[in-house]
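> Spelled out from the first residue to the last, the chains are:
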Amino acid sequence: MAEPLLVLTGLTKRYPTGDLALDGVDLAVPRGQVMALIGPSGAGKSTLIRCVNRLVEPTAGSVRLEGQELTRLSRAALRRARRRMGMIFQEYALVERLSVMENVLSGRLGYVGFWQAWFRRFPRRDIEQAFRLLDRVGLAHMADKRADALSGGQRQRVGILRALMQEPALLLVDEPTASLDPKTSRQIMRLIVELCEERGLAAIINIHDVGLAQEFARRIVGLRAGRIVFDGPPEALDAAVLTAIYGEEDWSRTIRRSDQEEDMAEAAA
Amino acid sequence: MSATTFDAAAAARRWRPPPLIASPLLRYAVYLGALAYALLALGSIEVNWTRAAEGLDRAAAFLSGFFPPDFVTKWEDIQEGLLESVTMTIVSTAAGILLSLPIALGAARNLAPLPVYLFCRAIIAISRTFQEVIIAIIFVAMVGFGPLAGMLTLAFATLGFMAKLLAEDIEDIERAQAEAVRATGAGWFSWIAWSVLPQVKPRLIGLSAYRLDINFRESAVLGLVGAGGIGDTLNTAFDRYEFGTAAAVLLIIIAIVLACEYASGMIRRWVQ
Chain A
1 MAEPLLVLTG LTKRYPTGDL ALDGVDLAVP RGQVMALIGP SGAGKSTLIR
51 CVNRLVEPTA GSVRLEGQEL TRLSRAALRR ARRRMGMIFQ EYALVERLSV
101 MENVLSGRLG YVGFWQAWFR RFPRRDIEQA FRLLDRVGLA HMADKRADAL
151 SGGQRQRVGI LRALMQEPAL LLVDEPTASL DPKTSRQIMR LIVELCEERG
201 LAAIINIHDV GLAQEFARRI VGLRAGRIVF DGPPEALDAA VLTAIYGEED
251 WSRTIRRSDQ EEDMAEAAA
Chain B
1 MSATTFDAAA AARRWRPPPL IASPLLRYAV YLGALAYALL ALGSIEVNWT
51 RAAEGLDRAA AFLSGFFPPD FVTKWEDIQE GLLESVTMTI VSTAAGILLS
101 LPIALGAARN LAPLPVYLFC RAIIAISRTF QEVIIAIIFV AMVGFGPLAG
151 MLTLAFATLG FMAKLLAEDI EDIERAQAEA VRATGAGWFS WIAWSVLPQV
201 KPRLIGLSAY RLDINFRESA VLGLVGAGGI GDTLNTAFDR YEFGTAAAVL
251 LIIIAIVLAC EYASGMIRRW VQ
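Sequence order for the protein chains is A and B. At position 64 of the first sequence (counting the first as 1) the number is 64 in this note's numbering, and the numbers step up by one without a gap. At position 253 of the second sequence (counting the first as 1) the number is 253 in this note's numbering, and the numbers step up by one without a gap.
Bear in mind the hints are in silico, worked out from the structure with no lab data behind them. Glycine included, C-beta positions come from ideal geometry on N, C-alpha and C. Some hints here could point you the wrong way.
SDA-like, lysine to any residue: derived pairs with alpha carbons at most 25 Å apart [claimed, not checked]:
(1) A:Lys145 x B:Lys201
(2) A:Lys145 x B:Lys164
(3) B:Lys201 x A:Arg120
(4) B:Lys201 x A:Thr71
(5) A:Lys145 x B:Leu197
(6) B:Lys201 x A:Met142
(7) A:Lys145 x B:Trp270
(8) A:Lys183 x B:Pro69
(9) A:Lys145 x B:Gln272
(10) B:Lys201 x A:Ala240
(11) B:Lys201 x A:Ala149
(12) A:Lys145 x B:Arg203
(13) A:Lys145 x B:Met266
(14) A:Lys145 x B:Pro198
(15) B:Lys201 x A:Ser99
(16) B:Lys164 x A:Arg97
Pulled a few chain B residues facing chain A out of the computed Cβ check, cut under 7 Å [claimed, not checked]:
(17) Trp15
(18) Pro17
(19) Ala52
(20) Ile173
(21) Ala180
(22) Thr184
(23) Ala186
(24) Ser190
(25) Ser195
(26) Gly226
Could you build the full structure based on these sequences and the hints that come with them?
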């Protein structure tokens, strides 16, 4: 069988302060799989996805994407490899003083030269693609608005499009719903999952909301203190597992809540 | 939450806002020291009131020489000096800003590795240590009298000023935006142009307008040490006791500085 899209082996990160954020993580993500990464704050979720595209340099271990070892790449090769990994951020991380269109097109920066980027002379089909995507999420009429004029949900959609413009094979998603209201959160999660299905993209989604993770991901991985303590389908997530991931707490309501939400969503539909 | 014997009312009576200096001993030592210094310093100033009174008369005589301002007699000299000053200002501001950009990037700790950072900070420190007049004297000695010395001086001073303030703004950029653009696989220059530049652009434009206005004022001073411009005209007028012409030059300088200040204020509001 062919190698999975992403393979982490013994991935370890120790920060200069001495904190061990990741402690020998082994993880394989096949093509097209949407995986949720859950765990308490400080468990190393953010560090894990940043070690994949080397925004954070791992201390030890290996990261293989499409069969290519990323940890030993030169700067130029790393930049080329990063184009295959789209990243979506917690606080959207749009460049606020640039327009919506410029933010979407910034996903192509890895493909065009500096002067092309400086004069905004992107290939026509990139701009066309950007408009198609903007239209898909209902923001085509906002193309020339400044990014900071948008609402939270709209900004996160632009953030998602920026990642898609890279033509990635993998999406690294860091708390996409952390600053959104519950309804927008669900819409954003649904959009990410839909887009992944359409394009056969794999995704690692860091998320705090266990209910959302259960509803939208086909696989859940629980991280605690830099180690994987759970890896299974959403149905296998019970009180014992949540205690293993987050520690002792009354979990009955959390688990039931996600069922209730599902009922509510069906009733609304 | 729990019913302990904690008395909130008593605690509220005892609570004081935290003082600036925590230790009371140090606090009062600093206050008393400052007061003592002020009293001693005041006592050490000798004022000769009769000399001051004479001075007032002299100043009045001097100022009366300024009236009426004479724009006509030396108009060609004034015009020439003015043009030279404006040219000096614009060229030196543009050159200084261009040179300051790479230095500012190098002097931002979040972008540059330590050796580059220290080197760029050293250039900024040298540029900012010496007052423009001192640098002008050195450049006049190097390239001779005239506007070239003035231009080099102003460009050098602009470089330090812009690089320092811009570097501070670059150090304050939002990391998340820069991280997001880096994650797309953008090259270094594209990364700077698409994530750092948009964040510091308003400040860059605002500071440039402000510096243009400073450089014009400085160009008037630099003439006094032979570095060309309207200051030369002013200096010559004083040397020849042509106070009317001097007054005209001063009025023109005031008018231009006011206009520059108004314009740079408008530009800064517009880019925000």
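> So, for every hint listed, does it hold in this structure?
Evaluated hints:
1. A:Lys145 x B:Lys201: 18 Å, holds
2. A:Lys145 x B:Lys164: It is violated: about 32 Å lies between the C-alpha atoms, which goes past 25 Å.
3. B:Lys201 x A:Arg120: Holds: lysine 201 of chain B and arginine 120 of chain A sit about 17 Å apart, inside 25 Å.
4. B:Lys201 x A:Thr71: Given pair lysine 201 of chain B, threonine 71 of chain A is violated - Cα atoms ~35 Å apart, limit 25 Å.
5. A:Lys145 x B:Leu197: Given that 25 Å is the threshold and the Cα spacing comes to 18 Å, the pair holds.
6. B:Lys201 x A:Met142: Holds, at roughly 23 Å.
7. A:Lys145 x B:Trp270: Satisfied, since the Cα-Cα distance of roughly 17 Å is no more than 25 Å.
8. A:Lys183 x B:Pro69: Violated: lysine 183 of chain A and proline 69 of chain B sit about 73 Å apart, past 25 Å.
9. A:Lys145 x B:Gln272: Holds, at about 16 Å.
10. B:Lys201 x A:Ala240: Cα-Cα ~53 Å, so violated.
11. B:Lys201 x A:Ala149: 18 Å, holds
12. A:Lys145 x B:Arg203: This hinted pair holds, its Cα atoms lying about 21 Å apart.
13. A:Lys145 x B:Met266: 23 Å, holds
14. A:Lys145 x B:Pro198: Cα-Cα ~15 Å, so holds.
15. B:Lys201 x A:Ser99: 14 Å, holds
16. B:Lys164 x A:Arg97: 23 Å, holds
17. Trp15: 32 Å, violated
18. Pro17: This hint is violated: proline 17 of chain B lies away from chain A, its Cβ roughly 32 Å from the closest one there, beyond 7 Å.
19. Ala52: Violated, about 55 Å.
20. Ile173: Where the cut-off is 7 Å and the nearest Cβ of chain A is about 10 Å from isoleucine 173 of chain B, the hint is violated.
21. Ala180: Given a least distance of 4 Å, the restraint on alanine 180 of chain B holds.
22. Thr184: 5 Å, holds
23. Ala186: Holds: closest Cβ of chain A sits about 4 Å from alanine 186 of chain B, inside 7 Å.
24. Ser190: Cβ of serine 190 of chain B sits 4 Å from chain A, so the hint holds.
25. Ser195: 6 Å, holds
26. Gly226: 42 Å, violated
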